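Peer 1: Sequence:
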Amino acid sequence: MNVLSSGTEKHGMDLLEAVYEMMIQDGYLRWRGGPVLSTFGGHEARFGDWGWPGFIERLNERLDGKIMFIPAFFMPPKDFLTLPYVDGAFNWNSAWPQGDHSANVVEDEAFCEDPISFQVKPYMAAVSPLFFTHYGSSGEWAFNKNFIYRSDDLLYPWRWHALLSLPPNKSPNIIQIISWNDHGESHAIAPVRHNQPGSEEWTKDMPHEAFREMTRYFVRRWRDGLGEVEEFAPQSKGDLESTVKVWGWWRCHSKDLKASDDPVGEPVHADWARDLLNFLIVVPETSSPFHMVVHNGPNPQPHHLESGKANLITIPFVPGLVGFEVMEGSTDVIISASGKEIADQIQKYNFNMWGGSWEVKVGVRPS
1 MNVLSSGTEK
11 HGMDLLEAVY
21 EMMIQDGYLR
31 WRGGPVLSTF
41 GGHEARFGDW
51 GWPGFIERLN
61 ERLDGKIMFI
71 PAFFMPPKDF
81 LTLPYVDGAF
91 NWNSAWPQGD
101 HSANVVEDEA
111 FCEDPISFQV
121 KPYMAAVSPL
131 FFTHYGSSGE
141 WAFNKNFIYR
151 SDDLLYPWRW
161 HALLSLPPNK
171 SPNIIQIISW
181 NDHGESHAIA
191 PVRHNQPGSE
201 EWTKDMPHEA
211 FREMTRYFVR
221 RWRDGLGEVE
231 EFAPQSKGDL
241 ESTVKVWGWW
251 RCHSKDLKAS
261 DDPVGEPVHA
271 DWARDLLNFL
281 IVVPETSSPF
291 HMVVHNGPNP
301 QPHHLESGKA
311 NLITIPFVPG
321 LVGFEVMEGS
331 TDVIISASGK
341 EIADQIQKYN
351 FNMWGGSWEV
361 KVGVRPS
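For the sequence shown, my numbering assigns the number 1 to the initial residue and increments by one for each residue that follows.
Relax, there's no trap hidden among the hints.
Label-pair ranges, simulated between beta-carbon atoms:
{"hint": "1", "residue 1": "G363", "residue 2": "N144", "range": "51 to 57 Å"}
{"hint": "2", "residue 1": "Q98", "residue 2": "G329", "range": "41 to 47 Å"}
{"hint": "3", "residue 1": "D271", "residue 2": "V318", "range": "15 to 21 Å"}
As a list, the in silico PhoX-like pairs of lysine-lysine whose alpha-carbon atoms are at most 20 Å apart:
{"hint": "4", "residue 1": "K170", "residue 2": "K121"}
{"hint": "5", "residue 1": "K121", "residue 2": "K66"}
{"hint": "6", "residue 1": "K145", "residue 2": "K204"}
{"hint": "7", "residue 1": "K78", "residue 2": "K170"}
{"hint": "8", "residue 1": "K204", "residue 2": "K340"}
{"hint": "9", "residue 1": "K258", "residue 2": "K348"}
{"hint": "10", "residue 1": "K258", "residue 2": "K145"}
{"hint": "11", "residue 1": "K255", "residue 2": "K145"}
{"hint": "12", "residue 1": "K204", "residue 2": "K348"}
{"hint": "13", "residue 1": "K348", "residue 2": "K255"}
If you're looking for bench data, these hints aren't it; they were derived computationally from the structure.
Predicted model only: the values in this text are computed from it and were never measured.
Note that beta-carbon positions come from the ideal geometry of N, C-alpha and C, so glycine has one too.
Produce the entire structure from the sequences given, and follow the hints as far as they go.
Peer 2: The structure is reproduced here in structure tokens:
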């Protein structure tokens, strides 16, 4: 809503028609029987004399039903939840740490602490793999947005784990992934399909398909109740193979490196970043020992991998090549791979992340 005009009734009618065309699609999200309408901000929208109550009333009439209005208004939770026309709350900024600290659920708890309100009005939490945007204040794309949120130290899996660990009476009703296609803020989990609005310099050759795969993994754990390794375990009684899955992601230059030719300048909060390689390795239950050896810098870095677990590893990076092996037993290399190297000099700042995905079938002993 922060980029949509909302001052007149015509603005409201234009938005209503656009929303209506999406809400009648078969795949549209519904909650308690009604299509969900959410926002990014917009609590001050007027739509002439309508306000949000008038907009919602007219949209309900157009649909011949009732929507579920779950916006992301940037206001105190108690003020937010007491608005009579709001059916639930979406906390957009819960996806990222709002300071120099790792992911947590503190901001979620503020929306879930009143059990009566929480039961009546569903809470939608947010998850996101990272945040970096690098727009200047002049030129064609003068959005004047140049900052990061701290994203390096396993933000995506830790955020999912934090939500998965909440008790049922404090767990969000809905989780929204931010985002599928906002490449300008670097958190898109879908591939680049078209030209981007000025973000090519920090999205080119920085694939995020690994984040999309991780999303599927965590969604199945949260929504369907799958265990940590269930998706990668043998899928039938006679199946004697399981899958070892590796996801890796990292920034490709140190936060301390200075760009030689970047008129936009160093992003705000660059000092919050952590120069880390991130790995999530799912190892099914097996009688064989597994370990991982990461190569970046002069010394190989071995790590034991626990079977039956989703192993999380961070390793400080240095400029140079990045590679790793996953080994079954002491000598059997089952995955040998490399990723985007860490630069030792840059023209432009880029706090986006490169992501990769690897897997291999391994045998399991019949019980």
